[in-house]
Amino acid sequence: MRAFVAAVFAFLYLPIGLLVLFSFNAGRNASEIVGFSTKWYGTALANPFLTEALRNSLIVASSSALLAAIFGTAAALGLSRVGPRTRLVFDALFGAALVVPGVVIGIATLVALVQVFAFANPLLAAIWPGDAPPRLGLGYGSIIAAHGLFSMALVTMIVRARLGSLSRDLVEASSDLYATPFTTFRSIVLPQIFPAILAGLLLAFTFSFDDFIVAFFVAGPQTTLPIYVFASIRRGVTPEINAIATLVLVASVLMVLLAQFLLRKRR
Numbered sequence: 179m180r181a182f183v184a185a186v187f188a189f190l191y192l193p194i195g196l197l198v199l200f201s202f203n204a205g206r207n208a209s210e211i212v213g214f215s216t217k218w219y220g221t222a223l224a225n226p227f228l229t230e231a232l233r234n235s236l237i238v239a240s241s242s243a244l245l246a247a248i249f250g251t252a253a254a255l256g257l258s259r260v261g262p263r264t265r266l267v268f269d270a271l272f273g274a275a276l277v278v279p280g281v282v283i284g285i286a287t288l289v290a291l292v293q294v295f296a297f298a299n300p301l302l303a304a305i306w307p308g309d310a311p312p313r314l315g316l317g318y319g320s321i322i323a324a325h326g327l328f329s330m331a332l333v334t335m336i337v338r339a340r341l342g343s344l345s346r347d348l349v350e351a352s353s354d355l356y357a358t359p360f361t362t363f364r365s366i367v368l369p370q371i372f373p374a375i376l377a378g379l380l381l382a383f384t385f386s387f388d389d390f391i392v393a394f395f396v397a398g399p400q401t402t403l404p405i406y407v408f409a410s411i412r413r414g415v416t417p418e419i420n421a422i423a424t425l426v427l428v429a430s431v432l433m434v435l436l437a438q439f440l441l442r443k444r445r
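Counting from 179, one number per residue, gives the positions in the sequence shown under our numbering.
No wet-lab data here; the hints were simulated from the structure.
From a predicted model like this one, the values you see are computed outputs, not experimental measurements.
Do not rely on the hints blindly, as some may be mistaken.
Stated by the list, open to error - Now the in silico label distances, taken between C-beta atoms and shown as ranges:
hint, residue 1, residue 2, range
1, Phe-297, Gly-414, 23 to 29 Å
2, Val-289, Ser-215, 55 to 61 Å
3, Lys-217, Arg-259, 55 to 61 Å
4, Gly-398, Ala-185, 19 to 25 Å
5, Gly-220, Leu-196, 18 to 24 Å
6, Phe-297, Asp-269, 40 to 46 Å
Just so it is clear, CB atoms sit at the ideal spot from N, CA and C, and this is done for glycine as well.
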């Protein structure tokens, strides 16, 4: 059994280790190491197309993670006050949102957005007072909305788990002392669930920053970092691409480790 587990982990992580190793290759051939160098990291960060894609990914990931944290926390608080049957239904829906393949979510989101644009753009043209009404289309908004929706399910489940471990004694004591519901939430509930909210936000940021499948369908003219990497490897894998992938890997691992630390934190 130990040998089997070791073989599985080797199969999963040895290719990632080789990618990191070849990112320090001094030569241009990505499959042959001729020396050690960090020049490809400088080359990657000096690429204007790469920096623009990185900026787009940071904007999308930050915005969608913030929206997911706000609405996911609100959904978790609402579910904690409904009946067990209703809660079971919504828990199943949120769980399904996490296990549905990304290609299905991407196609469904694209179809839904096209229908919304087809309805909203003529309406805006009819009611807009000027000659150049705004026109809705794919771009930042569509990616942020798509990522925020499926990340919200993750945040909701994390915060729900934290709410389930809280004792109701403090909340009831706060009510007995004539505190308003908002004061109880701000002084009692929020400090205890804040580590879970922050952990959910970091995981949502990581999921959005790394996502390619959903973004590929709804990005429109915008290019995120995963889309740029995919377009680049179609011309062949280079040490520059390995350097980009290594940077993304390090950032993602740090985010996940920080999120795990916050999930274990107890106030």
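Hint check:
At about 43 Å, the CB distance of Phe-297 to Gly-414 disagrees with the hint of 23 to 29 Å. Against the hinted window of 55 to 61 Å, the Cβ-Cβ separation of Val-289 and Ser-215 comes to about 47 Å, which falls outside the hint. Between Lys-217 and Arg-259 the CB atoms are about 57 Å apart, so this pair conforms to the stated range of 55 to 61 Å. Taking 19 to 25 Å as the suggested C-beta distance range, the pair Gly-398 and Ala-185 does not conform, at roughly 43 Å.
A hinted range of 18 to 24 Å holds for the C-beta pair Gly-220 and Leu-196, which are about 22 Å apart. Between Phe-297 and Asp-269 the Cβ separation comes to about 32 Å, which falls outside the hinted range of 40 to 46 Å.
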